[in-house]
Amino acid sequence: MFAGMVSALGRVESLPRSFQGELVVTHPSGWGKLGLGDSVAVNGCCLTVVRWDQDRVALEVMPETYRRTNLGLLEPGSAVNLEAPLALGDPVGGHLVSGHVDAVGEVVGLDPEENALWLNLRVPPPVGRYCVPQGSIAVDGCSLTLVTVTDRGRDGSELRISLIPHTVKTTAAAGYRPGSVVNLEVDQLARLVERLIRPQLGAARPGAGA
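In numbering that gives the first Met the number 0, the protein residues as written are 0 to 209.
Just so you know, not all the hints are guaranteed correct.
[To be verified] Straight-line distance between alpha carbons at most 20 Å, and here's what the computed DMTMM-like set of lysine to aspartate or glutamate pairs gives:
| no. | residue 1 | residue 2 |
| --- | --- | --- |
| 1 | Lys32 | Glu59 |
| 2 | Lys168 | Glu113 |
| 3 | Lys168 | Asp110 |
| 4 | Lys32 | Asp52 |
| 5 | Lys32 | Asp89 |
By construction, these hints were calculated from the structure, which means they are not laboratory data.
With the sequences and hints as input, model every part of the structure.
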(Lines of atoms letter the chains of each structure in order from A and count residues from 1; the text may use other names and numbers.)
(Lines give C-alpha, C1' and ligand atoms only; values in the text may rest on other atoms or scores of the structure.)
Protein backbone atom coordinates (compact mmCIF):
# COMPACT_ATOMS: atom_id res chain seq x y z
CA MET A 1 0.00 0.00 0.00
CA PHE A 2 0.96 3.62 -0.58
CA ALA A 3 -0.25 6.96 0.74
CA GLY A 4 -0.20 9.01 -2.44
CA MET A 5 2.67 11.10 -1.07
CA VAL A 6 5.22 11.42 -3.88
CA SER A 7 8.63 11.21 -2.23
CA ALA A 8 10.89 11.61 -5.26
CA LEU A 9 10.78 12.72 -8.86
CA GLY A 10 12.44 10.18 -11.13
CA ARG A 11 13.53 10.26 -14.77
CA VAL A 12 13.07 7.46 -17.27
CA GLU A 13 16.47 6.20 -18.39
CA SER A 14 15.21 3.41 -20.65
CA LEU A 15 12.04 1.42 -21.18
CA PRO A 16 11.16 -1.80 -22.97
CA ARG A 17 9.24 -1.75 -26.23
CA SER A 18 9.17 -5.50 -26.82
CA PHE A 19 8.79 -6.51 -23.14
CA GLN A 20 12.17 -8.22 -23.24
CA GLY A 21 13.79 -5.46 -21.20
CA GLU A 22 13.06 -3.43 -18.10
CA LEU A 23 11.84 0.04 -17.22
CA VAL A 24 14.84 1.81 -15.71
CA VAL A 25 14.27 4.98 -13.70
CA THR A 26 16.92 7.21 -12.14
CA HIS A 27 16.21 8.73 -8.74
CA PRO A 28 17.94 10.86 -6.09
CA SER A 29 20.93 9.03 -4.64
CA GLY A 30 20.00 6.72 -1.79
CA TRP A 31 16.25 7.18 -2.20
CA GLY A 32 13.88 4.43 -1.14
CA LYS A 33 16.20 1.86 0.50
CA LEU A 34 15.03 -0.66 -2.08
CA GLY A 35 15.62 -4.39 -2.38
CA LEU A 36 14.89 -7.22 -4.80
CA GLY A 37 11.15 -7.86 -5.08
CA ASP A 38 10.14 -4.64 -3.36
CA SER A 39 7.25 -2.59 -4.69
CA VAL A 40 7.59 0.94 -6.04
CA ALA A 41 4.82 3.21 -7.30
CA VAL A 42 5.81 4.78 -10.62
CA ASN A 43 3.21 7.38 -11.64
CA GLY A 44 0.91 5.58 -9.25
CA CYS A 45 1.47 2.15 -10.79
CA CYS A 46 2.79 -0.52 -8.42
CA LEU A 47 5.81 -2.23 -10.01
CA THR A 48 8.33 -4.79 -8.78
CA VAL A 49 12.05 -4.08 -8.35
CA VAL A 50 14.34 -6.49 -10.21
CA ARG A 51 17.60 -4.49 -10.05
CA TRP A 52 18.69 -1.40 -8.17
CA ASP A 53 21.63 0.70 -7.06
CA GLN A 54 22.12 4.05 -5.37
CA ASP A 55 20.59 6.19 -8.10
CA ARG A 56 18.51 3.95 -10.37
CA VAL A 57 15.97 1.17 -10.21
CA ALA A 58 14.93 -1.41 -12.83
CA LEU A 59 11.34 -2.66 -12.88
CA GLU A 60 9.44 -5.23 -14.92
CA VAL A 61 6.45 -4.11 -16.98
CA MET A 62 3.98 -6.43 -18.75
CA PRO A 63 1.62 -5.67 -21.67
CA GLU A 64 -1.46 -5.32 -19.44
CA THR A 65 0.30 -2.56 -17.51
CA TYR A 66 0.88 -0.60 -20.70
CA ARG A 67 -2.74 -1.06 -21.73
CA ARG A 68 -4.13 0.30 -18.46
CA THR A 69 -1.67 3.11 -17.68
CA ASN A 70 0.30 5.95 -19.20
CA LEU A 71 3.63 4.11 -18.84
CA GLY A 72 3.61 3.14 -22.50
CA LEU A 73 3.61 6.83 -23.43
CA LEU A 74 6.82 7.57 -21.54
CA GLU A 75 10.06 8.41 -23.30
CA PRO A 76 13.67 8.53 -22.06
CA GLY A 77 13.90 11.67 -19.93
CA SER A 78 10.23 11.68 -18.93
CA ALA A 79 9.60 12.74 -15.33
CA VAL A 80 7.76 10.20 -13.16
CA ASN A 81 6.38 10.32 -9.63
CA LEU A 82 7.97 7.81 -7.24
CA GLU A 83 6.77 6.49 -3.90
CA ALA A 84 8.13 3.65 -1.79
CA PRO A 85 5.55 1.43 -0.04
CA LEU A 86 4.25 2.15 3.44
CA ALA A 87 5.66 0.25 6.38
CA LEU A 88 3.42 -0.73 9.28
CA GLY A 89 3.06 2.31 11.51
CA ASP A 90 4.02 4.88 8.85
CA PRO A 91 1.85 8.01 8.78
CA VAL A 92 -0.66 8.18 5.94
CA GLY A 93 -0.28 11.77 4.81
CA GLY A 94 -2.61 11.45 1.83
CA HIS A 95 -5.05 8.54 1.54
CA LEU A 96 -4.63 4.80 1.12
CA VAL A 97 -3.55 4.00 -2.44
CA SER A 98 -3.07 0.46 -3.77
CA GLY A 99 -1.01 1.29 -6.85
CA HIS A 100 -3.59 -0.43 -9.08
CA VAL A 101 -4.52 2.08 -11.77
CA ASP A 102 -8.24 2.14 -12.59
CA ALA A 103 -8.05 4.15 -15.81
CA VAL A 104 -6.31 7.04 -17.48
CA GLY A 105 -7.63 10.59 -17.76
CA GLU A 106 -6.76 13.62 -19.85
CA VAL A 107 -5.63 17.08 -18.80
CA VAL A 108 -8.04 19.52 -20.47
CA GLY A 109 -6.92 22.74 -18.84
CA LEU A 110 -4.47 24.44 -16.50
CA ASP A 111 -5.57 27.73 -14.95
CA PRO A 112 -3.31 29.74 -12.61
CA GLU A 113 -4.90 31.60 -9.68
CA GLU A 114 -2.58 33.57 -7.42
CA ASN A 115 -0.13 30.96 -6.08
CA ALA A 116 -2.33 27.98 -7.04
CA LEU A 117 -2.76 26.07 -10.27
CA TRP A 118 -6.16 24.66 -11.24
CA LEU A 119 -5.85 21.23 -12.85
CA ASN A 120 -8.84 20.29 -15.00
CA LEU A 121 -9.19 16.60 -15.87
CA ARG A 122 -11.58 14.62 -18.05
CA VAL A 123 -12.10 11.14 -16.62
CA PRO A 124 -14.15 8.14 -17.87
CA PRO A 125 -17.48 7.14 -16.24
CA PRO A 126 -16.00 4.21 -14.23
CA VAL A 127 -13.80 6.75 -12.43
CA GLY A 128 -16.19 9.69 -12.27
CA ARG A 129 -18.84 7.70 -10.39
CA TYR A 130 -16.53 7.50 -7.36
CA CYS A 131 -15.57 11.18 -7.35
CA VAL A 132 -17.16 13.68 -4.96
CA PRO A 133 -16.24 17.26 -4.00
CA GLN A 134 -13.67 17.29 -1.17
CA GLY A 135 -13.01 13.60 -1.81
CA SER A 136 -9.65 12.09 -2.74
CA ILE A 137 -8.20 10.75 -5.98
CA ALA A 138 -4.70 9.60 -6.93
CA VAL A 139 -3.42 11.31 -10.10
CA ASP A 140 -0.17 9.74 -11.30
CA GLY A 141 0.09 8.38 -7.77
CA CYS A 142 -0.27 11.79 -6.08
CA SER A 143 -3.07 12.07 -3.51
CA LEU A 144 -5.15 15.12 -4.42
CA THR A 145 -8.38 16.67 -3.16
CA LEU A 146 -11.26 17.18 -5.57
CA VAL A 147 -12.84 20.63 -5.55
CA THR A 148 -15.61 20.23 -8.13
CA VAL A 149 -16.98 17.25 -10.05
CA THR A 150 -19.11 17.86 -13.14
CA ASP A 151 -20.82 14.84 -14.70
CA ARG A 152 -20.88 14.74 -18.51
CA GLY A 153 -22.97 11.61 -19.01
CA ARG A 154 -21.38 9.16 -21.43
CA ASP A 155 -18.40 11.51 -21.77
CA GLY A 156 -17.49 10.84 -18.14
CA SER A 157 -16.81 13.64 -15.68
CA GLU A 158 -14.69 16.76 -15.47
CA LEU A 159 -12.70 17.23 -12.27
CA ARG A 160 -11.19 20.43 -10.92
CA ILE A 161 -8.28 20.19 -8.52
CA SER A 162 -6.31 23.07 -7.03
CA LEU A 163 -2.56 22.42 -6.74
CA ILE A 164 -0.28 24.18 -4.28
CA PRO A 165 3.16 25.37 -5.49
CA HIS A 166 4.97 22.57 -3.61
CA THR A 167 3.02 19.90 -5.52
CA VAL A 168 3.75 21.53 -8.86
CA LYS A 169 7.46 21.84 -8.10
CA THR A 170 8.06 18.35 -6.72
CA THR A 171 5.90 16.11 -8.91
CA ALA A 172 5.28 15.33 -12.57
CA ALA A 173 2.50 17.95 -12.50
CA ALA A 174 5.11 20.54 -13.53
CA GLY A 175 5.13 18.94 -16.98
CA TYR A 176 1.36 18.68 -17.46
CA ARG A 177 -0.07 20.28 -20.58
CA PRO A 178 -3.53 20.11 -22.18
CA GLY A 179 -3.70 16.63 -23.68
CA SER A 180 -1.38 15.03 -21.11
CA VAL A 181 -2.52 11.53 -20.11
CA VAL A 182 -2.52 10.74 -16.38
CA ASN A 183 -3.03 7.59 -14.32
CA LEU A 184 -6.07 7.56 -12.04
CA GLU A 185 -6.93 5.51 -8.97
CA VAL A 186 -10.19 6.12 -7.13
CA ASP A 187 -10.56 6.17 -3.37
CA GLN A 188 -10.65 2.56 -2.14
CA LEU A 189 -13.13 3.44 0.60
CA ALA A 190 -15.66 4.74 -1.93
CA ARG A 191 -15.45 1.50 -3.87
CA LEU A 192 -15.78 -0.59 -0.71
CA VAL A 193 -18.87 1.32 0.44
CA GLU A 194 -20.52 0.79 -2.95
CA ARG A 195 -19.76 -2.93 -2.77
CA LEU A 196 -21.27 -3.22 0.70
CA ILE A 197 -24.49 -1.34 0.03
CA ARG A 198 -25.18 -2.62 -3.50
CA PRO A 199 -27.27 -5.64 -2.31
CA GLN A 200 -29.39 -3.35 -0.12
CA LEU A 201 -29.95 -0.93 -2.98
CA GLY A 202 -31.08 -3.79 -5.21
CA ALA A 203 -33.47 -5.13 -2.57
CA ALA A 204 -35.00 -1.67 -2.16
CA ARG A 205 -36.04 -1.35 -5.81
CA PRO A 206 -39.72 -2.00 -6.55
CA GLY A 207 -40.18 -5.57 -7.70
CA ALA A 208 -36.70 -6.63 -6.62
CA GLY A 209 -36.55 -10.28 -5.69
CA ALA A 210 -39.90 -11.06 -7.36
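Lysine 32 and aspartate 89: Cα distance at most 20 Å?
Roughly 15 Å between the alpha carbons, so the hint for lysine 32 and aspartate 89 holds.
Given the hinted pair lysine 32 and aspartate 52, is their Cα-Cα distance within 20 Å?
holds (9 Å)
Within 20 Å, alpha carbon to alpha carbon, are lysine 168 and aspartate 110?
Satisfied, since the Cα-Cα distance of roughly 16 Å is no more than 20 Å.
Hint consistency between lysine 168 and glutamate 113 [alpha-carbon to alpha-carbon, up to 20 Å]:
Given pair lysine 168, glutamate 113 holds - Cα atoms ~15 Å apart, limit 20 Å.
Pair hint lysine 32 and glutamate 59, alpha-carbon separation not exceeding 20 Å:
Roughly 18 Å between the alpha carbons, so the hint for lysine 32 and glutamate 59 holds.
Hint compliance for this structure: every hint is met.
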